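K.L.:
Keeping the supplied structure of chain Z fixed, place chains V, H and Y upon it in accordance with the hints.
Protein chains: 4
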Amino acid sequence: MITLGENQYGKSRVRVMKVERCGDCHKVFEWNVEVWLKGDFAHCFEDGDNSRILPTDTMKNTVYSLARASKAATIEEFATELVTYFISSQPQVDEAGVSIRATLWRHIEAGGQQHPTAFVQTGPAIDTVTVTYPRGDAVSVTSGFAGLAILKTSKSAFAGYIKDRLTTLRETHDRLLGTLATADWTYTAPELDFTSARVRITDTLLDTFARHDSLSVQQTLFAMGKAALEAVPEISEIRLEMPNKHCNLVDLSAFGQDNPNHIFVPTDEPHGSIEANLRRGD
Amino acid sequence: MITLGENQYGKSRVRVMKVERCGDCHKVFEWNVEVWLKGDFAHCFEDGDNSRILPTDTMKNTVYSLARASKAATIEEFATELVTYFISSQPQVDEAGVSIRATLWRHIEAGGQQHPTAFVQTGPAIDTVTVTYPRGDAVSVTSGFAGLAILKTSKSAFAGYIKDRLTTLRETHDRLLGTLATADWTYTAPELDFTSARVRITDTLLDTFARHDSLSVQQTLFAMGKAALEAVPEISEIRLEMPNKHCNLVDLSAFGQDNPNHIFVPTDEPHGSIEANLRRGD
Amino acid sequence: MITLGENQYGKSRVRVMKVERCGDCHKVFEWNVEVWLKGDFAHCFEDGDNSRILPTDTMKNTVYSLARASKAATIEEFATELVTYFISSQPQVDEAGVSIRATLWRHIEAGGQQHPTAFVQTGPAIDTVTVTYPRGDAVSVTSGFAGLAILKTSKSAFAGYIKDRLTTLRETHDRLLGTLATADWTYTAPELDFTSARVRITDTLLDTFARHDSLSVQQTLFAMGKAALEAVPEISEIRLEMPNKHCNLVDLSAFGQDNPNHIFVPTDEPHGSIEANLRRGD
Amino acid sequence: MITLGENQYGKSRVRVMKVERCGDCHKVFEWNVEVWLKGDFAHCFEDGDNSRILPTDTMKNTVYSLARASKAATIEEFATELVTYFISSQPQVDEAGVSIRATLWRHIEAGGQQHPTAFVQTGPAIDTVTVTYPRGDAVSVTSGFAGLAILKTSKSAFAGYIKDRLTTLRETHDRLLGTLATADWTYTAPELDFTSARVRITDTLLDTFARHDSLSVQQTLFAMGKAALEAVPEISEIRLEMPNKHCNLVDLSAFGQDNPNHIFVPTDEPHGSIEANLRRGD
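As you go down the protein sequences, you meet chains Z, V, H and Y in turn.
So the first sequence is numbered by this note's numbering: it starts at 0 and just counts up by one.
So the second sequence is numbered by this note's numbering: it starts at 0 and just counts up by one.
So the third sequence is numbered by this note's numbering: it starts at 0 and just counts up by one.
So the fourth sequence is numbered by this note's numbering: it starts at 0 and just counts up by one.
Treat the hints as calculated values from the structure; they're not laboratory data.
Owing to the predicted nature of the structure, the values given are computational and were not obtained by experimental measurement.
It cannot be assumed that every hint is accurate.
Heads up, the list lumps identical chains together, so a pair's fine if it works in one copy or across two of them.
[What the hints assert, rightly or not] With a straight-line Cα cutoff of 20 angstroms, these simulated PhoX-like cross-link-like pairs (lysine-lysine) come out: (1) K17 / K70; (2) K225 / K154; (3) K154 / K26; (4) K37 / K17; (5) K225 / K17; (6) K154 / K244; (7) K70 / K26; (8) K154 / K17; (9) K244 / K26; (10) K244 / K17; (11) K37 / K162; (12) K26 / K225; (13) K225 / K162.
One chain only, chain Z, in its complex shape (with noise of 0.2 angstroms):
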């Protein structure tokens, strides 16, 4: 007999740009929601029975209208009602997800001010949240940035490791680090001030990233989100990946050049991934 197993469906790349607008001032939120939910759905996937389907269609249209009514100012609020929604109106849904992508606005310099209706995207790195909610149980929020690109030009080092037949790689104490760093931090409760927390984190992991000495990404990795949760205690846990964009030094030395750590060809492939999760232990 073949049954279904873990199963979900729902609506992703729904995009949508809210422009609040406070007198003469506007703000602009650029969102791209994904919305997904699961539940007893063995009857629509093994006998074609849509009489529990919320089709993704309507799911797209509930993102427009609650984007209209919501008095939301941050991603974590209009994701968690986006979720308490769908729990509340389907029924036939045992969990509600929603993930919200949100591209960065500020408004454009002209003339020495900042113009109330004119804007420039800041990037590349945007910020991200995941809510889910299971019915019964408590909304969980874990926000985050994915596509920070950031970079040491000192205090790196890679030394000490393993070697055996297949190693090539140079022992250094001053190399470059590179990564395109993607984070994510759950929170303790489901209202609090997200904006406020997600500055004091991302100021903590970048503040640690410049000043670390360090020894491995590894190392700088776990620096990064230890501190980061020593500085917010809203926060019960963090996920880092940051993946080793290697900056590879130059030989020039068949031009009769030197390259004391000038020149580097910064490359996308092949690249370190190390990713960690780190909690609040006993």
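P.N.:
Only chains V, H and Y this time, still in chain Z's reference frame:
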């Protein structure tokens, strides 16, 4: 106290092209390899102790060196060689994993026959495999494909779903159903004829997709997975992801034209997301 | 004084999928259309006078409406219909241009025969066309393809080039030659059997690429273009772009292994860029 | 007879990162360089004679070697050094060209001040330059930027355009105007303060975009280019590409909600394409 949770590290996007030279006729394998290791790396993360760290650069070298020595004719065999190598040579490692994405090439037809040393890439779909080897346990092989764009222009309906105040979708008994399918299936044993199994599974999935009288993407996905499990006893489960890449019927009535399912706008966003696992049950 | 120079405006990425229903057997055309117009739009740019502006939204509607009415079986014919429509209906326009990129689909094999209404996308190469119509002049049709990944594993050398103090490349008489080819050829007349010509040109290019004893990418490119011009009298010129996607031989000597052209690292960057036009001369 | 027409060859995607070490404070330049050469390469293409070919691999080495020796503080200066090197060292070359795309980094704020050796990438916009040097003629420098996402949430109208039987667009006096702008301007001389000019041009473009009372994208584009030419006498012409990335107002009336320009769907396709050159005239 702050402690290290789940963690892993490895090398991603290690590209390798292997040319097999059987007399005058060549074969080409193009693989994009990812390696990761899990184990007790707490001292590395917490203290910068690299003494148990196999550098990711050495992992890359290992891929190249083993590729040269290997007799593997499939990505499943080569990935198995790699995880076995890491588990047997690295006592500090508890689990090794390898994923390979294979770009596919076929001989160019020149003058009515296949040219032995000239190739054209096929696609856009690629073959995939993920092999994991937890020390002391069995090797697990999960094969699949990604990026398979398929389309039905008849025998696809969607009706009988929940309608609420946010519903605007109309029921249809004749729509286009297009998807960019990803599939992953797990074998019951680590050694078998992977090429034959892959062909039978892919053919069964395509055949079922083509013939199915679809009441929903969910139902078609289930029918496809069920047919594959029934046709190929070597697999124990299969997971399918079939995003609904909507083709929207264009309303031409303002121009005095009808549109009996002739002209559509294919879209990438938003899209439905449907995914499920199927298993042999009791 | 500041004046308006060259300018154009139009609509890009107008996607349309047309399903031709010939009894029970369907055909699928997937086109990505770009439209642009040139003319005397100085007042529009300088004064915001929109009275001579056909909105780009209307261009999009025109693509949909003409697709419904069209009998075109090729992108060349459909693009020609579009430019002709714009020139005849928009007296303020001096030149109309249309480019189409066609994603290709074939019938799925199911149960030993081609299923009439189920399709799988082929690729990764796509077919292209650019048609321009300067008012009062002839329609010009330039067809081609893009994204054709091809590879030679023998009969490719590169030697005898300039050596200077910055040269580190070694001469080779047996290397891999891989490229992602783009081709564009211009027809001598606006009406002919475009499908037949396209097949003959593409087959000739592939055949020549496969058989050529290559001394450089430049020489192979020229041989391919020359063969196409010789084989297909309907075209007056051809342009080829053949970036050299280097496959670097891996040095395995540090591991005690030889590597007689078996293991390569395919790379995307940096890459050679070779492009040229060929024409019938006097 | 078949003859070689326009042709060129070179190296693309040569990535280089240069770390300038001024005491304890570092600067980072990340450049993606493209080099191309034109000349009489007919024998190379036609006969496989490589004796006049400088290998593209050597071009790559040249970028690295010159980057080490260079004092250039701008992409304009470094590109000029490169074309000058190729023209003076390669007598067979008639014209050398170099394009550079610069990814931008700024110091991380840590503990209230800029950390001297830690950086975060800014973006998504990048700086660009193209320098060409036809032998015996002057070096021409065209600078610009690409990928600048900007948005106006007021002072944007579109009305008074042509209406025909295929028009469905409604006139509006208050819409969102979003674009991903590309700009390129040409300097009147090959040596000047490129950094200052770039800042003044970019600020003027942004300022004008923000303040302009827009009747069309065309009019805003012209106003921006005109203001830049007026503000910066060092440039002779400017070209702007401003695709209209439509933000579509969502119709919420079916849900009993109004939408006075609050909720939009940003889209990538289809998009308007508007581009023009502006020059100083007589």
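K.L.:
Would you mind marking each hint as holding or not holding in the structure?
P.N.:
Outcome of the hint check:
Within a single copy, K17 and K70 get their C-alpha atoms as close as 11 angstroms, which meets the 20 angstroms cut-off; across copies the closest is 43 angstroms, which misses it. In this homomeric assembly, K225 and K154 come within 20 angstroms of each other (Cα to Cα) only inside a single copy, at 19 angstroms, whereas the closest approach across copies is 48 angstroms. With identical chains, the CA atoms of K154 and K26 are at most 20 angstroms apart between copies only, with a shortest distance of 15 angstroms across copies and 40 angstroms within one. Taking the shortest Cα distances, K37 and K17 never come within 20 angstroms of each other, neither inside one copy (28 angstroms) nor across copies (35 angstroms).
For the identical chains of this complex, K225 and K17 are neighbours neither inside a copy (35 angstroms) nor across copies (32 angstroms), given an alpha-carbon limit of 20 angstroms. For the identical chains of this complex, K154 and K244 are intra-copy neighbours only, at 16 angstroms inside a copy versus 36 angstroms across copies, given an alpha-carbon limit of 20 angstroms. With identical chains, the CA atoms of K70 and K26 are at most 20 angstroms apart within one copy only, with a shortest distance of 13 angstroms there and 43 angstroms across copies. Taking the shortest alpha-carbon separations for K154 and K17, only the inter-copy value of 17 angstroms comes in at or below 20 angstroms, while the best intra-copy value is 43 angstroms.
Proximity of K244 to K26 under the C-alpha cut-off of 20 angstroms is restricted to the inter-copy arrangement: shortest distance 19 angstroms between copies versus 35 angstroms within a copy. Within a single copy, K244 and K17 get their C-alpha atoms only as close as 35 angstroms, which misses the 20 angstroms cut-off; across copies the closest is 16 angstroms, which meets it. In this assembly of identical chains, K37 and K162 lie within 20 angstroms of each other by CA distance solely across copies; the values are 19 angstroms between and 48 angstroms within a copy. Taking identical chains as interchangeable, the C-alpha atoms of K26 and K225 are never at most 20 angstroms apart, the minima being 34 angstroms within one chain and 29 angstroms between chains.
Proximity of K225 and K162 under a CA criterion of 20 angstroms is satisfied in neither setting, with 30 angstroms inside one chain copy and 48 angstroms between copies.
When the structure is compared with the earlier hints, violations turn up for hints 4, 5, 12, 13 and for no others.
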